[in-house]
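Student: If you read the protein sequences in the order shown, they are chains A and B. Take the first sequence: its position 287, counted from the start at 1, is 287 in this note's numbering, and no numbers get skipped. Take the second sequence: its position 290, counted from the start at 1, is 290 in this note's numbering, and no numbers get skipped.
Errors might be hidden in some of the hints.
One copy or two, it doesn't matter: identical chains are merged, so the pair holds either way.
Derived lysine-lysine pairs resembling DSSO-like cross-links, with alpha carbons at most 27 Å apart [claimed, not checked]:
id: 1; residue 1: K189; residue 2: K106
id: 2; residue 1: K189; residue 2: K289
id: 3; residue 1: K15; residue 2: K186
id: 4; residue 1: K186; residue 2: K289
id: 5; residue 1: K186; residue 2: K20
id: 6; residue 1: K153; residue 2: K258
id: 7; residue 1: K289; residue 2: K140
id: 8; residue 1: K254; residue 2: K164
id: 9; residue 1: K289; residue 2: K254
id: 10; residue 1: K289; residue 2: K258
id: 11; residue 1: K140; residue 2: K159
id: 12; residue 1: K153; residue 2: K189
id: 13; residue 1: K111; residue 2: K258
id: 14; residue 1: K258; residue 2: K74
id: 15; residue 1: K154; residue 2: K289
id: 16; residue 1: K280; residue 2: K137
In case anyone wonders, no lab produced these hints; they're calculated from the structure. All values derive from a computational prediction rather than experimental measurement.
Number of protein chains: 2
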Amino acid sequence: MSLLVVGSVALDSIKTPFGKREDVLGGSATYLALAASYFTPVNLVSVVGHDFPGSYLEFFRKRNINLEGLTISKNNRTFRWQGYYEDDLNEAHTIRTELNVFENFKPEIPKEYQSCDYLFLANVDPDIQSEVLHQVKGVKFVVCDTIGYWIDKKPESLKKVLAKVDAFMVNESELREFTHESNLLKGAKKVMELGPGIVVVKRGDSGATMFMTNSIFSLPAYPLEAVLDPTGAGDSFGGGFIGYICQEDSTEEKILRKAMVYGSAIASFSVGGFGTEGLKDLEFERIEKRHHEFEELTDF
Amino acid sequence: MSLLVVGSVALDSIKTPFGKREDVLGGSATYLALAASYFTPVNLVSVVGHDFPGSYLEFFRKRNINLEGLTISKNNRTFRWQGYYEDDLNEAHTIRTELNVFENFKPEIPKEYQSCDYLFLANVDPDIQSEVLHQVKGVKFVVCDTIGYWIDKKPESLKKVLAKVDAFMVNESELREFTHESNLLKGAKKVMELGPGIVVVKRGDSGATMFMTNSIFSLPAYPLEAVLDPTGAGDSFGGGFIGYICQEDSTEEKILRKAMVYGSAIASFSVGGFGTEGLKDLEFERIEKRHHEFEELTDF
Chain A
1 MSLLVVGSVA LDSIKTPFGK REDVLGGSAT YLALAASYFT PVNLVSVVGH DFPGSYLEFF
61 RKRNINLEGL TISKNNRTFR WQGYYEDDLN EAHTIRTELN VFENFKPEIP KEYQSCDYLF
121 LANVDPDIQS EVLHQVKGVK FVVCDTIGYW IDKKPESLKK VLAKVDAFMV NESELREFTH
181 ESNLLKGAKK VMELGPGIVV VKRGDSGATM FMTNSIFSLP AYPLEAVLDP TGAGDSFGGG
241 FIGYICQEDS TEEKILRKAM VYGSAIASFS VGGFGTEGLK DLEFERIEKR HHEFEELTDF
Chain B
1 MSLLVVGSVA LDSIKTPFGK REDVLGGSAT YLALAASYFT PVNLVSVVGH DFPGSYLEFF
61 RKRNINLEGL TISKNNRTFR WQGYYEDDLN EAHTIRTELN VFENFKPEIP KEYQSCDYLF
121 LANVDPDIQS EVLHQVKGVK FVVCDTIGYW IDKKPESLKK VLAKVDAFMV NESELREFTH
181 ESNLLKGAKK VMELGPGIVV VKRGDSGATM FMTNSIFSLP AYPLEAVLDP TGAGDSFGGG
241 FIGYICQEDS TEEKILRKAM VYGSAIASFS VGGFGTEGLK DLEFERIEKR HHEFEELTDF
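Let the hints inform the model, and build the full structure from the sequences given.
Tutor: Put into structure tokens, the structure is as follows:
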């Protein structure tokens, strides 16, 4: 089965109460692809600038992430995000966003990626997401993510994307913002009216809830003492989710529920290190162990 | 098995985005006792004023709640709380608190209640909680709850109580306030150092987590579309929790986990009505059905 991930690859400068890092590997598609790569090979479509370190390209390749769809722009710099977290690690504060190569990015999906089985549209301009949907065909299952920035700037573009995807993945606060509805269940139903039959709400240290047409699945977060950097937690979650679905080649509810657990497991490792450190040398055994720990955590 | 509940009985005036009520039955021990009464007879110790409606006394009696320990003060008015909720139903805003009969309340535990098997010290002045602990003997399992007001005013008194109880039940934000620790797991560990082997953290619409010495249990909240009034949700949770434990006469971890589910089930009904309306004519079948719905909600 083949998985296509489209989204941003970035250089992040992050400060949390536990330290700081400059120009480390980041971006929605980065975390997505890294997390998914523990379950399945990943085809990545994104763009970086001339300043993007070769060591990061090497890192992707080692993790079985195909870079044929990664454009390296000679004339522009890599997308950059600078932000910080205070004691409440659930909330990221943005200091600066430089779109750079994403200002005029027109994705071109390589021919052999166009008939992918599974597609994750990671956070990026919804018009870019629409363009991707235009170029692919016969996809079995499409998941789309976004952030408050696009909900605010391009709600109509986002709605057009939602009409064409199977699942929408979104943060709790962003769902509230998008639907003007403080109740999550009501908010999820409003989104479903726009198209997707599945709405996955990411709730930080409160876990995640998946709303389906006739059923709801809810999972608490894994209780961690050492959260160093929450950057990319949601995208890591998305990567584990779609990675497991692709590995099993099924979107049965049973598989979707387990995918939520694998997503949460991967996210719990992601936040244990700065940037992508937590996703670097993960052994699959540890992911399986965490899956088992989720069973113990929730068993009654 | 016998259950003793000590705490406040109040008249609440509540406003939520969905309506308002004046001088309705409220108080920590009220919700606790009502919720627990679906599992076991309850002995209640509290105090009300001369203005307390007889119809509320009748309501307690009908629900199998023994009122021998309920003092009716001839010289003072019932404890009153007035508050409101905005769109974020997780946060109660207090307008006014009148301690009235609680200003000089010295609990006297009736002799036949003193050798109770299970004791729930619902939210009330920690010095009153200490006095209760002084009067009981041979209790198998004591749970204590509190609110931010006492954490702020009488932290040392609260610590003395915690040294003598088996379980501490507390809201997420209040645990943070009490322990000066934003991480819940670290906060729970700090509380355990003060005495209790069990810390139950109530997280509103994010569910509840129980920290034990060698294990953690976490349960999402039941997703509800119609939350009318969250007042008493935490105390209803506590009542279902201790009620089930008393019914089973066991504090084995397996029972404690199920007690969390029954607590959450009762709380989900409590918030569906104003004041105690949601706990009025509940049939046990509906509670069992909700327990089963929690299985479906969390199964993977």
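Student: For a quick check of understanding: which of the numbered hints are violated here, in increasing order?
Tutor: Failing hints, ascending: 1, 6, 7, 13, 14, 15 and 16.
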